[in-house]
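Novice: Given only the sequences and the hints, what does the whole structure look like? Please build it.
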Amino acid sequence: MAAPASYPASAEPTAGFAFILKKAVISALVALVLFFLMIGIRTEAGSSGQLIYWTRFGELASIVGAVFVGSIVIELLRRWIGPVGGVELPASVRGGFAVLGRLLAPALLIFALLVPVIFYNQRYLLDLAILVMTYVMLGWGLNIVVGLAGLLDLGYVAFYAVGAYSYALLAQSGLPFPHFIDTYPYVALDFLQLGQWAFWVLLPVSGLLAALWGVILGFPVLRLRGDYLAIVTLAFGEIIRLVILNWQDLTGGPNGISGIPRPTVFGIPLTPGENGFAAMIGVPFSPTHRLVFLFYLILALALITNWVTIRLRRLPIGRAWEAMREDEVACRALGINITTTKLSAFAIGAMFGGFAGAFFATRQGFISPESFSFQESALVLAIVVLGGMGSQLGVALAAIAMIGGFELFRGLDQFRMLVFGGVMVLLMIWRPRGLIGHRAPTVFLQKRTEISASLVKEGHG
Amino acid sequence: MDYFFQQLINGLVLGSIYGLIAIGYTMVYGIVGMINFAHGDIFMIGGFIALITFLILVSIGMTMVPVILLLVLLVAMAVTALYGWTVERIAYRPLRQSFRLAPMLSAIGMSFVLSNFAQVSQGARVKPVPPIITGGYTLHDSGNFAVQLSNVQIVVVVTTIVLLAAFTYIVSRTRFGRDMRACEQDQTMAALLGVDVDRTISMTFVIGAALAAVAGMMYLLYYGLVDFFMGFIAGIKAFTAAVLGGIGSLPGAMLGGLAIGLIETFWSAYFSVEYKDVAAFSILIIVLIFMPTGLLGRPEVEKV
Numbered sequence: 016m017a018a019p020a021s022y023p024a025s026a027e028p029t030a031g032f033a034f035i036l037k038k039a040v041i042s043a044l045v046a047l048v049l050f051f052l053m054i055g056i057r058t059e060a061g062s063s064g065q066l067i068y069w070t071r072f073g074e075l076a077s078i079v080g081a082v083f084v085g086s087i088v089i090e091l092l093r094r095w096i097g098p099v100g101g102v103e104l105p106a107s108v109r110g111g112f113a114v115l116g117r118l119l120a121p122a123l124l125i126f127a128l129l130v131p132v133i134f135y136n137q138r139y140l141l142d143l144a145i146l147v148m149t150y151v152m153l154g155w156g157l158n159i160v161v162g163l164a165g166l167l168d169l170g171y172v173a174f175y176a177v178g179a180y181s182y183a184l185l186a187q188s189g190l191p192f193p194h195f196i197d198t199y200p201y202v203a204l205d206f207l208q209l210g211q212w213a214f215w216v217l218l219p220v221s222g223l224l225a226a227l228w229g230v231i232l233g234f235p236v237l238r239l240r241g242d243y244l245a246i247v248t249l250a251f252g253e254i255i256r257l258v259i260l261n262w263q264d265l266t267g268g269p270n271g272i273s274g275i276p277r278p279t280v281f282g283i284p285l286t287p288g289e290n291g292f293a294a295m296i297g298v299p300f301s302p303t304h305r306l307v308f309l310f311y312l313i314l315a316l317a318l319i320t321n322w323v324t325i326r327l328r329r330l331p332i333g334r335a336w337e338a339m340r341e342d343e344v345a346c347r348a349l350g351i352n353i354t355t356t357k358l359s360a361f362a363i364g365a366m367f368g369g370f371a372g373a374f375f376a377t378r379q380g381f382i383s384p385e386s387f388s389f390q391e392s393a394l395v396l397a398i399v400v401l402g403g404m405g406s407q408l409g410v411a412l413a414a415i416a417m418i419g420g421f422e423l424f425r426g427l428d429q430f431r432m433l434v435f436g437g438v439m440v441l442l443m444i445w446r447p448r449g450l451i452g453h454r455a456p457t458v459f460l461q462k463r464t465e466i467s468a469s470l471v472k473e474g475h476g
Numbered sequence: 224m225d226y227f228f229q230q231l232i233n234g235l236v237l238g239s240i241y242g243l244i245a246i247g248y249t250m251v252y253g254i255v256g257m258i259n260f261a262h263g264d265i266f267m268i269g270g271f272i273a274l275i276t277f278l279i280l281v282s283i284g285m286t287m288v289p290v291i292l293l294l295v296l297l298v299a300m301a302v303t304a305l306y307g308w309t310v311e312r313i314a315y316r317p318l319r320q321s322f323r324l325a326p327m328l329s330a331i332g333m334s335f336v337l338s339n340f341a342q343v344s345q346g347a348r349v350k351p352v353p354p355i356i357t358g359g360y361t362l363h364d365s366g367n368f369a370v371q372l373s374n375v376q377i378v379v380v381v382t383t384i385v386l387l388a389a390f391t392y393i394v395s396r397t398r399f400g401r402d403m404r405a406c407e408q409d410q411t412m413a414a415l416l417g418v419d420v421d422r423t424i425s426m427t428f429v430i431g432a433a434l435a436a437v438a439g440m441m442y443l444l445y446y447g448l449v450d451f452f453m454g455f456i457a458g459i460k461a462f463t464a465a466v467l468g469g470i471g472s473l474p475g476a477m478l479g480g481l482a483i484g485l486i487e488t489f490w491s492a493y494f495s496v497e498y499k500d501v502a503a504f505s506i507l508i509i510v511l512i513f514m515p516t517g518l519l520g521r522p523e524v525e526k527v
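So the protein sequences, as listed, match chains A and B. Count along the first sequence from 1, add 15, and you get the number used in this note's numbering. Count along the second sequence from 1, add 223, and you get the number used in this note's numbering.
Since the hints were derived computationally from the structure, they do not count as laboratory data. Since the model is a prediction, treat every value here as computed from it, not as a measurement. Hints are supplied without guarantee of correctness; some may be wrong.
[Said to hold, decoys possible] Partial list, computed: chain B residues near chain A (C-beta under 8 Å):
#, residue
1, M224
2, P317
3, V336
[What the hints assert, rightly or not] If you want the footprint, here are the derived chain A segments under chain B, 3+ residues with CB under 8 Å:
#, stretch
4, 39–49
5, 62–69
6, 231–244
7, 326–334
8, 435–444
Here a beta-carbon is modelled for each residue, glycine too, at the ideal position from N, C-alpha and C.
Specialist: So this is what it looks like as C-alpha cells:
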C-alpha cells in the first residue's frame, strides 16, 4: 500500500511568524478541548460511593499554555535544525565513531565484570545492575525473534512466565500433578532431592519447557505475518497470563508462589551456616555475596545468549532468519524452509526467555502473574526497537538507558508509563531504526548491483 | 430455555458495544492497513468523557433524562472524535512512509499514553455511577426464572441501530464515503483524481473514535462504571470481532461484534466466568489461523 507523499514540507519554512503563531493557537485550542473535561474536572468516588468532582482549572491552564509554548518551540527548532537525517558527517569523524564503536563493546564488558567490585557496598546499585542485566538478556533473547527473524512478537513475556513458573513449580513440588504421582510413583521426580543442585538442573529444564511453548505458539502462526502475527502473539501472552491467574490449584492464582529455592554456587549454598559458601572460602558471611553471585550469574546467562546469537548468525539458520526478515516470499522461492526457520527462531528466542524467567524466579524468591503483564512485553520490545532491531550492542545500551531511566524517575512513578508510551511514539517518528542500531544483513554482495528494492518499489500495490 | 433467552439478550447487547468499537478497527485497517492499537483506549476515553459530562449536567440541576443522555452522547462523540484526530495527527501520519512495523509500535506507545493519561488525570480507582436508566420489562416468567429486558438494554440496542444506519448512509451515499472507499482501494489513484487523502484518513479516524465514544457511553450506562484499564481487553475483543467478521468489511465488524458478544456471554453462562477472556482470545487465534479472511472479508492477494 504505497501512500503518496503529500507533505508540504518544502513549502513550510517560507511561511513567517504569523504561521507559527496560528499553528500554536490551533494546537492550544485543540489541547483545551481535549483536556477541559479530562484534566479540568477530577472525579472520584466519595465516601458513600457517590461520585463527586472538583475542578482543576489551574492545571488545565498551565497545560494548555505548555502546549502553546511547546508548539512554538518545536516549530522554531524544526526551522533552525532543518530536516533531520540530511547531515553527512565528514570521513574522519565517521572513522572516529567507528573506532569508538569497536571499543565500546569491550569497554562495556569490562565495566560489567567490574560492577560488583566497584559497587560492592551499594546494595541498591547492585540490585539495579541485576535488573538491568535481566532486561539485557530478555532484549537479546527477543532480538533473535524480532531483530533477526523479523517476527514481531508482542507476547514474549509469556515465555519469561513459563520459565519462571516452571522453575518455581518444579523446584517446590516436583511434578505438579499430585494425583498423577500417586498413580505412577516412579514418575514422581522430586527435584528437591537434588538439594542444592535444584537450580542448576532446573535452569535448562525451564529453558526447554519455554522453547517447547515457543514451538507450540510458532506452529499455528506460521502463515501469519506483520500486524496479525503481533496480535496473535499478544493474545497468546494474555492467555498464558490469564491461565496462570485463574488456575489457582496449580499456580496459586493472584497470590503467586513464594519460598522459591535460592540459587547455589554449584551446590554450595550462600548461607551463613557451617557449609555455606562464605565459610567454605574462609570469609565472614555477608548478604551481599548473594547479590554479587546473582549478578555474575545473570551476566553469564546474558553473555551466553549473546554468544549463541552471534554464532547462530554465521550459521545457515542465522542467514535464513535474516533473509526471511528481508523478504519472506523470496526466501520461499529460493528453497529456504520457512517452517523450520520460523519455528527455530521462536524456540530459541523463547528458550532464552525461559532462562531469564528461571533466573527471575530464583532471584525474587516470589513470583505472581503481575510480573508478566503486557507492559513487560512492550518494555522488552521497546528495548529491542530502541536498540535498533538486530544490533546486540544497541540492545544492551537501550536496556541500560530504559531501565536506568525508569529508576531515575522513580519518584514520578505514576508518570512512568505515560512517558514510556510517549517516548515510543517519538522514537518511531524520529528514529524508527533505533538510536544507534542498524540492521544490515551479515552478508551482502560486495559489489552493489542496483537491481534491488529501489528499482522495483513501484510493484507494491 | 428462559435462561438461554436471557443470555441471548445479554449477549446481543454486549455484542452491540463490541461491534461499535470494531467498526473503528476495521475502517482504519481498510484505509491505512494498520491495526490501530490505541482504539480500545479511545473507547475508554469516550467512557470517561461521558461520565464527566453526565456528572456536570446532573450537578447543574438538569433532571430530564432523555435530554441529559442526548447531550452526553453529543459531547462524548465530539470530544472523543478530537482525540481520534489528534492521535492520528501525532502518532500515525508522520509514519505513513515508514517501515511496516513502525505504525504498530507507535500505536502501542499511544495506547500506553492514553490509558496512563486517564490514570494520572482521573485516578486509578474504578468510577461507579448510579443507574441512570432504570426499569424494564419482564418478557416471560416461568415461575423460577424471569426473562428480563431492561430499558438500558433497549437504549443500547436502539442507539446502535440508529448510529449504524447513519453510518451506513455516510459511507455509501455521501461524498466523504465515496472518498473513503476510493482511498481504501488505491490511495495514489484517489489522490490523482483530486481526493484529499490526508483529510479522508483523518476523517476515518474521527468517525471511528466517535463510534467508540458511543460504545464507551453505552458501556457506562450498561455496567455503571468506567476505569482506566478497560480499553485494553475491550479493544482486543473488538479487534477479534473485526477479524472474525472479516477485517475491512463494515457489516462484518458488526456481525463479528455480535458473535463475540454472544460467545462471551454464553461461555460465561454455561462454562466459566474466569476464562471468558481466554475464550475470546482463543477465538482470535483460531479465526486468524483457519479463516484469516473472516466471515465477510475478501481474500487478500499477496503481491511481491
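Novice: Should the interface hint for P317 (chain B) be scored as holding, given a Cβ-Cβ cut-off of 8 Å against chain A?
Specialist: Since chain A brings a Cβ to about 5 Å from P317 (chain B), closer than 8 Å, the hint holds.
Novice: With a cut-off of 8 Å between beta carbons, are at least three residues of the stretch 326–334 of chain A near chain B?
Specialist: violated (count 0)
Novice: Check, residue by residue, whether the stretch 62–69 of chain A contains three or more positions whose beta-carbon lies closer than 8 Å to a beta-carbon of chain B, and give the verdict.
Specialist: holds (count 4)
Novice: Given as covered by chain B, does the stretch 435–444 of chain A meet the bar of three residues or more with CB within less than 8 Å?
Specialist: This one holds; 9 residues, not fewer than the three required, reach chain B with a Cβ under 8 Å.
Novice: Counting residues of the stretch 39–49 of chain A whose CB is closer than 8 Å to a CB in chain B, do you get three or more?
Specialist: holds (count 3)
Novice: At a threshold of 8 Å, is the proposed contact between V336 (chain B) and chain A supported by beta-carbon distances?
Specialist: holds (4 Å)
Novice: Counting residues of the stretch 231–244 of chain A that have a beta-carbon nearer than 8 Å to any beta-carbon of chain B, does the count reach 3?
Specialist: holds (count 7)
Novice: Quick check on M224 (chain B) please, does its C-beta sit within 8 Å of some C-beta on chain A?
Specialist: violated (30 Å)
Violated hints, listed in ascending order, are 1 and 7; each of the other numbered hints is respected by the structure.
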